[in-house]
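Student: In case you want the letters, here they are:
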Amino acid sequence: MKNLILRTGIALACAVSLASCGGGSTGTLQIAGNVTGVTQDGLVIQNNGGSDLAIPANAGSYVFKDLVPTDSVFNITIKSRPLNTEECTASPAQGNTGLYSVRVDIACRITTKSLTGTVTGLNGKTGLILANGPNQVPVAADGPFEMARVSLGYPYGINVLRQPDNATCTVANGVGTIADNVSNVVVTCVGTGA
Amino acid sequence: MTLFSIRTALALCLAASLAACGGGSDKATFVVGGSATGLAYTGLKLKTGDQVLAVEPVLVSGTPQTVRYAFPKTIDYGTAYTLTVDASPDKQACDVYPGFGTNNENRDSAGHTATIDIAIRCQTKPYALGGAVAGLTGTGLVLINGSVDTLAVAAGATTFTFTNAVLVDAAYGVSILTQPAGQTCTVRNGTGIMPNAAMIATSANAVTVTCVTP
Numbered sequence: 003m004k005n006l007i008l009r010t011g012i013a014l015a016c017a018v019s020l021a022s023c024g025g026g027s028t029g030t031l032q033i034a035g036n037v038t039g040v041t042q043d044g045l046v047i048q049n050n051g052g053s054d055l056a057i058p059a060n061a062g063s064y065v066f067k068d069l070v071p072t073d074s075v076f077n078i079t080i081k082s083r084p085l086n087t088e089e090c091t092a093s094p095a096q097g098n099t100g101l102y103s104v105r106v107d108i109a110c111r112i113t114t115k116s117l118t119g120t121v122t123g124l125n126g127k128t129g130l131i132l133a134n135g136p137n138q139v140p141v142a143a144d145g146p147f148e149m150a151r152v153s154l155g156y157p158y159g160i161n162v163l164r165q166p167d168n169a170t171c172t173v174a175n176g177v178g179t180i181a182d183n184v185s186n187v188v189v190t191c192v193g194t195g196a
Numbered sequence: 438m439t440l441f442s443i444r445t446a447l448a449l450c451l452a453a454s455l456a457a458c459g460g461g462s463d464k465a466t467f468v469v470g471g472s473a474t475g476l477a478y479t480g481l482k483l484k485t486g487d488q489v490l491a492v493e494p495v496l497v498s499g500t501p502q503t504v505r506y507a508f509p510k511t512i513d514y515g516t517a518y519t520l521t522v523d524a525s526p527d528k529q530a531c532d533v534y535p536g537f538g539t540n541n542e543n544r545d546s547a548g549h550t551a552t553i554d555i556a557i558r559c560q561t562k563p564y565a566l567g568g569a570v571a572g573l574t575g576t577g578l579v580l581i582n583g584s585v586d587t588l589a590v591a592a593g594a595t596t597f598t599f600t601n602a603v604l605v606d607a608a609y610g611v612s613i614l615t616q617p618a619g620q621t622c623t624v625r626n627g628t629g630i631m632p633n634a635a636m637i638a639t640s641a642n643a644v645t646v647t648c649v650t651p
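Protein sequences appear in the order of chains A and B.
For reference, each letter of the first sequence is one residue, going 3 to 196 in our numbering.
For reference, each letter of the second sequence is one residue, going 438 to 651 in our numbering.
The set of hints was computed from the structure by calculation and includes no laboratory data.
Among the clues, some could well be false.
[Unchecked claim] Distance ranges between label pairs, derived from CB positions: (1) T179/A <-> T598/B: 21 to 27 angstroms; (2) T503/B <-> S103/A: 31 to 37 angstroms; (3) T595/B <-> T113/A: 37 to 43 angstroms; (4) D523/B <-> K67/A: 50 to 56 angstroms; (5) A643/B <-> T172/A: 30 to 36 angstroms; (6) K464/B <-> S103/A: 46 to 52 angstroms; (7) T552/B <-> T72/A: 38 to 44 angstroms; (8) S103/A <-> T552/B: 36 to 42 angstroms; (9) V139/A <-> V489/B: 39 to 45 angstroms; (10) N98/A <-> T598/B: 35 to 41 angstroms.
[Stated by the list, open to error] To give an idea of the chain B side of the interface with chain A (calculated C-beta under 7 angstroms), a few residues: (11) T587; (12) A589; (13) T623.
We treat Cβ as the ideally placed atom computed from N, Cα and C, and that holds for glycine.
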């Protein structure tokens, strides 16, 4: 009796799963995962060179529509990635499904650009600290300075977190949005006696 | 057969455990100890029984290292113990992780596990970054905190608060990314080090955005 119910259940489940896959899939396991670092469209992934799955901007996760069989090989490849990324990786990219649905996370690294500039007028005064939000950069002498790299499309705003001893510095071209490497930030310091 | 082998194994096990206890006369003793992660400031105190232990941070280039701790007095096999965080550093919240009960403590008896190893987790406190706005009548003002936060401020606003909290002692720097239509705004006290409290419009050295219509 119990067995009969179980069998009926399995048969029904099979029928439902076949119907939902348009009859083309023989599998029962899902491949799905989280997606990070995707802020633009353009990410397309495949499993075993099969149909494309486009993952849109800011999608936190994805699910392959096609179910895969138990104990079968999966191989997730990145067919294309968003233009603002340097690299996208699937992990684990390859493996064997075994008995359970498989989680494969996709992580893209957004391209970063340099944020640099020049300090003048320190003339030996010490103690200047520049900051872009939480990123602090002490500047010891006149000349070039380099902040932490910033992701493409993100804003930046350079402030004088700490004025040098006996001088006051101001920042020009300190605010903007990263479209390419930035090198035109100018920090001009004027001595205040001593 | 199966039952027999299980019994044999149990008997062997019992013999082994008795041997480990020195034949049953002298009880084994246990050190209540473990490790603390994320500890960045002085002030952590742990408590078990009548013992209170101060745990000091170890920083390498400003980054907290995992530190081991051990209470000086050992406890006997079978003694029930409870470990709680007696005090956290002012700028951090530390807890037994994972902890149990309303006191978020670790309870067990000595010998239940081979050694007593209780993890303590410390997290530096995050606070909201905000400030005052004066004279804003135009639309379109966008403030940023470096590259980590972007905030649109509506016309008529008198205060603002960024979405992302800032950790105590981290730098913040508020700049104007986009000026509002028909106005020019400036930021006063735009940059500083996060105090051990939220930065709001009435804070000392509050970030103040003042807008004027030319």
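Student: Evaluate each hint against the coordinates.
Tutor: Tested hints:
1. T179/A <-> T598/B: 21 to 27 angstroms: Taking Cβ atoms as reference, T179/A and T598/B lie about 22 angstroms apart, which means the hint holds.
2. T503/B <-> S103/A: 31 to 37 angstroms: Check passed, 35 angstroms falls within 31 to 37 angstroms.
3. T595/B <-> T113/A: 37 to 43 angstroms: 38 angstroms, holds
4. D523/B <-> K67/A: 50 to 56 angstroms: 55 angstroms, holds
5. A643/B <-> T172/A: 30 to 36 angstroms: 21 angstroms, violated
6. K464/B <-> S103/A: 46 to 52 angstroms: 50 angstroms, holds
7. T552/B <-> T72/A: 38 to 44 angstroms: Holds - the Cβ-Cβ distance for T552/B and T72/A, about 41 angstroms, lies within 38 to 44 angstroms.
8. S103/A <-> T552/B: 36 to 42 angstroms: With a Cβ separation near 37 angstroms, S103/A and T552/B satisfy 36 to 42 angstroms, so the hint holds.
9. V139/A <-> V489/B: 39 to 45 angstroms: 41 angstroms, holds
10. N98/A <-> T598/B: 35 to 41 angstroms: 49 angstroms, violated
11. T587: Result: holds, 6 angstroms to nearest chain A Cβ.
12. A589: 12 angstroms, violated
13. T623: 12 angstroms, violated
Hints 5, 10, 12 and 13, counting from the list given before, are not met by this structure.
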